[in-house]
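Undergrad: Listed below are the residues making up each chain.
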Amino acid sequence: QKEVEQNSGPLSVPEGAIASLNCTYSDRGSQSFFWYRQYSGKSPELIMFIYSNGDKEDGRFTAQLNKASQYVSLLIRDSQPSDSATYLCAVSYQGAQKLVFGQGTRLTINP
Amino acid sequence: GAGVSQTPSNKVTEKGKYVELRCDPISGHTALYWYRQSLGQGPEFLIYFQGTGAADDSGLPNDRFFAVRPEGSVSTLKIQRTERGDSAVYLCATSSGGVADTQYFGPGTRLTVL
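Chains A and B supply the protein sequences, listed in that same order.
Take the first sequence: its letter number 6 is residue 6 in the working numbering, and every next letter is one higher.
Take the second sequence: its letter number 8 is residue 8 in the working numbering, and every next letter is one higher.
To be clear, the hints were calculated from the coordinates, so they are not data collected in a lab.
Any given hint might turn out to be false.
[What the hints assert, rightly or not] Distance condition first, Cα-Cα at most 35 angstroms in a straight line; then the derived DSBU-like pairs of lysine-lysine:
(1) A:K56 with A:K67
(2) A:K42 with A:K67
(3) B:K11 with A:K42
(4) B:K11 with A:K2
(5) A:K42 with B:K78
(6) A:K2 with A:K67
(7) A:K2 with A:K42
(8) A:K42 with B:K17
(9) B:K17 with A:K56
(10) A:K56 with A:K42
(11) A:K56 with A:K2
(12) B:K11 with A:K56
(13) B:K17 with A:K2
(14) B:K15 with A:K2
(15) B:K15 with B:K78
(16) B:K11 with B:K78
(17) B:K17 with B:K78
[To be verified] Short, incomplete list of chain B residues facing chain A, as computed with Cβ under 10 angstroms:
(18) Y18
(19) S27
(20) H29
(21) Y33
(22) Q37
(23) G40
(24) Y48
(25) T52
(26) D56
(27) P61
(28) A88
(29) V89
(30) G97
(31) G106
Don't be surprised by glycine CBs; every beta carbon is placed ideally from N, CA and C.
So here's chain A without its partners, still in its complex pose (with noise of 0.2 angstroms):
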């Protein structure tokens, strides 16, 4: 069975800190990763997907990525209040485009 495992948190992280978010996955034909952020009672939003090994920027997200070590993470730069949300990372397999998602990672930035 495919899965992806997270840390459920809760993770507390200071304003203005690094948050650092972990995901690993189980089938190494897994071919695209995902992160979204979900808001309580509010349906997930796509933050993020990365596909290559490596690091991938935008803003103050970066995605990486190692297929090696079936790994793949999350950090928010300058973390806000805002910020204070689940991540939910995804994965999807080749041949296949439903995604498996893992159980999500609570974040909470203290002002």
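Based on these hints, arrange chain B on the given structure of chain A.
TA: Positioned in the frame of chain A, the structure of chain B alone reads:
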């Protein structure tokens, strides 16, 4: 509107009843997905449509669950003989249909089975 819409936003029903949940995709999006999210968990895949046909229904938990998309746009998720364990938020997502294409989620329908 520009986004995915889902109706109703909330549905309360009694055990054993039949329910229908509706999803209106982003205009032009050919791929449509249904997921189910329980409290404290990530979304769990149910079924994927490419156009009118169900391309992958491997996530449907049992034969009480069925989904249609007759004209390749609006989709309806149908649940027969509801059980308390069916209580969850049902999320619809759509994409333009490319490989590993970005999926955009609707606001969800919160289903409560009493």
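Undergrad: Could you run down the list of hints and mark each one as holding or not?
TA: Status of the hints after comparison with the structure:
no.: 1; hint: A:K56 with A:K67; verdict: holds (14 angstroms)
no.: 2; hint: A:K42 with A:K67; verdict: holds (31 angstroms)
no.: 3; hint: B:K11 with A:K42; verdict: holds (16 angstroms)
no.: 4; hint: B:K11 with A:K2; verdict: holds (31 angstroms)
no.: 5; hint: A:K42 with B:K78; verdict: holds (22 angstroms)
no.: 6; hint: A:K2 with A:K67; verdict: holds (15 angstroms)
no.: 7; hint: A:K2 with A:K42; verdict: holds (26 angstroms)
no.: 8; hint: A:K42 with B:K17; verdict: holds (26 angstroms)
no.: 9; hint: B:K17 with A:K56; verdict: violated (48 angstroms)
no.: 10; hint: A:K56 with A:K42; verdict: holds (26 angstroms)
no.: 11; hint: A:K56 with A:K2; verdict: holds (25 angstroms)
no.: 12; hint: B:K11 with A:K56; verdict: violated (40 angstroms)
no.: 13; hint: B:K17 with A:K2; verdict: holds (33 angstroms)
no.: 14; hint: B:K15 with A:K2; verdict: holds (32 angstroms)
no.: 15; hint: B:K15 with B:K78; verdict: holds (15 angstroms)
no.: 16; hint: B:K11 with B:K78; verdict: holds (13 angstroms)
no.: 17; hint: B:K17 with B:K78; verdict: holds (11 angstroms)
no.: 18; hint: Y18; verdict: violated (25 angstroms)
no.: 19; hint: S27; verdict: violated (18 angstroms)
no.: 20; hint: H29; verdict: violated (12 angstroms)
no.: 21; hint: Y33; verdict: holds (7 angstroms)
no.: 22; hint: Q37; verdict: holds (8 angstroms)
no.: 23; hint: G40; verdict: holds (7 angstroms)
no.: 24; hint: Y48; verdict: holds (5 angstroms)
no.: 25; hint: T52; verdict: violated (16 angstroms)
no.: 26; hint: D56; verdict: holds (6 angstroms)
no.: 27; hint: P61; verdict: violated (15 angstroms)
no.: 28; hint: A88; verdict: violated (13 angstroms)
no.: 29; hint: V89; verdict: holds (8 angstroms)
no.: 30; hint: G97; verdict: holds (8 angstroms)
no.: 31; hint: G106; verdict: holds (6 angstroms)
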